[in-house]
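Enquirer: Here's the letter readout for the chains.
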Amino acid sequence: MRWATRAGVHIDRAACAWLLRRFVDPGAVFVFVADPAQVPADATPFDVPGVDLSHHGRDCSFETVLRRYELTDPVLWRIAALVHEADLDDGRYDAPEAPGFDLALRALSMVEGDERVLELTGPLFDGVYEFFRRELLLGREPS
Amino acid sequence: MVAQESPGEWVLLQYRLPREPSTPRSAVWRRLRALGVAQLGDGLVALPHDARTREQLDWVAAEVREASGTAALWLARPATAAQEAELARTMARARAEEYRAVRDEALAGLQRTGGAGAASLPPAEHARLVKRLRAELRRVRRRDFSAPPERAEAVAAVEELARAAAAAPVAAGRHP
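Those protein sequence lines, which keep their order, are chains X and R. Each residue of the first sequence is one higher than the last, beginning at 1 in this note's numbering. Each residue of the second sequence is one higher than the last, beginning at 1 in this note's numbering.
Bear in mind the hints are in silico, worked out from the structure with no lab data behind them. Keep in mind it's a predicted model, so treat the numbers as computed, not measured. Worth double-checking, as some hints may not be accurate.
What the hints assert, rightly or not - Quick list of the computed label-pair ranges, beta carbon to beta carbon:
hint : chain 1 : residue 1 : chain 2 : residue 2 : range
1    : X       : PRO96     : R       : ARG89     : 31 to 37 Å
2    : R       : ALA156    : X       : LEU136    : 24 to 30 Å
3    : R       : GLU55     : X       : VAL31     : 31 to 37 Å
4    : X       : SER143    : R       : ARG16     : 53 to 59 Å
5    : R       : ALA108    : X       : VAL31     : 49 to 55 Å
6    : R       : ALA127    : X       : ARG106    : 26 to 32 Å
7    : X       : ASP126    : R       : ALA81     : 48 to 54 Å
8    : X       : ARG67     : R       : ALA127    : 32 to 38 Å
9    : X       : ARG106    : R       : TRP29     : 43 to 49 Å
Glycine is no exception: its CB is placed at the ideal position from the N, C-alpha and C atoms.
Just chain R, with the same shape it has in the complex (with noise of 0.2 Å):
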């Protein structure tokens, strides 16, 4: 969607808010960090532009101005193809990296499977992990531009942890 050959529309929320009370700043700062927008600079950030964008970060603009700061939205393209490519992959390896630490969390949670002793996952908490897990993916799915292979490595690695999960009853049976 983003590495094409002359570069896409992208939305830039330019905001400014003051310093103190830091609440607002932490909530804006998680708004935008669930969305996986890319950091520009100070007090500026981008997403490729949709429809679904431009109103996520029309909402947070108006949280800001809200809580008495300024903000506004542009639309604009990245002068050179390499300046967006550049921008791709820094939002690309941020990605890969959420993708890895749910991959990491699956492994821990299969390495827990079956067996006996205390080291082994109870059936609930298996389940548990494994809801949780796929609730994380579709969270980082949904602000993934860029599809890095990490992703398809998270998604087998939680899709293993589930059939594990699954077969687990038998298991389950031997626990007073």
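In isolation and in its complexed conformation, chain X is listed as follows (with noise of 0.2 Å):
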């Protein structure tokens, strides 16, 4: 499936995608456009105002994505906390290491491209929901 966002992709834009690929459509293609017009007719759009793959009410488009794919795993709520304080940083969640995380994506997509960004950031989000199973089976911070 072809899959569709705005270009200069961050965070939300960024772990959206890792959990379409994983979780959702593990033979997803994605686009990325500069204005929301320009999203193909066979692509679903994600993290674009206005479709329902983004935010709505107080969820950024990862919640959304958890909640329209019934994604219940605690492990990618937890990310989700991680997501949503990164980008929207309302204090609805507990999340300390969000700040960290948006700079980073910042930080990552002002020298690399959207293909790129999603490359590196792949078997980092990876990384992190091994470290968050482990947190969440142990009780505390894993070694």
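Fit chain to chain and form the complex, with the hints in mind.
Expert: In structure tokens:
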């Protein structure tokens, strides 16, 4: 399936792309558009203002994707807290690592294109998933 | 960034929301306040234009439409440099006030540092205060496009409070 989002990806779009590829559509292909009107007819848009897989109420797009695809894995919801606070910083969740992730993603997008940002952040989110999974199992930070 | 010779580009959000229910109205207003917008009129706010401010106002516009309101984004240039400078001054004044509030809280905390008695700040509370004020400072800086002198004062006061907190465990030893 083809998925489309806005060019110049930051934390929410990078995390959504990872989430879609890992948990929704292993064959996901991503296209990046400068203008929402350029979303190809055969692509599902996400994190684009006004579309379904986007911010709704207090949710960022990552949370919306979790709800729409009924992904209830608590590890993914812990990642949602990270993404939400990095993206919106509204204090809804306690995610002290969020400002660091926000900076890292913004910094990366200054020197790399969107395709490459997804290539680089894929393994990062895989690792974050493993970290939070172990943390939830252990009840404390894994070593 | 804002006070340049020829006016720069601004992103304007024009919006209208039904009076009832009031929850989306106040949610939208909270979002706009967190972004540090300049209010140009009823349902018209502005920010200096860059990719980030544009995106943030795009999200607010989507939120307004979701709540059965109408919204439009405009890119605009003030007609005169003076008009832009006035806009920048208004925003700087609002940030200056927020920085002063942070500084005052830090100074009040400092006065309660060290010494004994009911007025002195327990170390844990001291650390929490530092953490909260640093976070507040970070939020204000994020919506600060003007860097008024009050910013450095607030940063200095919070860091002084943090140094005092680091030195506090000596006093903590005296607690039962």
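Enquirer: Against this structure, judge whether each hint is valid.
Expert: Comparing the hints with the structure gives:
1. The given range of 31 to 37 Å is respected by PRO96/X and ARG89/R, whose C-beta atoms sit roughly 36 Å from each other.
2. The given range of 24 to 30 Å is broken by ALA156/R and LEU136/X, whose C-beta atoms sit roughly 41 Å from each other.
3. Distance hint check: the CB atoms of GLU55/R and VAL31/X are about 18 Å apart, inconsistent with the given range 31 to 37 Å.
4. At about 54 Å, the CB distance of SER143/X to ARG16/R agrees with the hint of 53 to 59 Å.
5. The given range of 49 to 55 Å is respected by ALA108/R and VAL31/X, whose C-beta atoms sit roughly 54 Å from each other.
6. For the hinted restraint 26 to 32 Å between ALA127/R and ARG106/X, the CB-CB distance of approximately 29 Å keeps it satisfied.
7. The given range of 48 to 54 Å is respected by ASP126/X and ALA81/R, whose C-beta atoms sit roughly 51 Å from each other.
8. Between ARG67/X and ALA127/R the beta carbons are some 36 Å apart, a value that agrees with the proposed interval 32 to 38 Å.
9. A beta carbon spacing of about 27 Å between ARG106/X and TRP29/R contradicts the range 43 to 49 Å that was offered as a hint.
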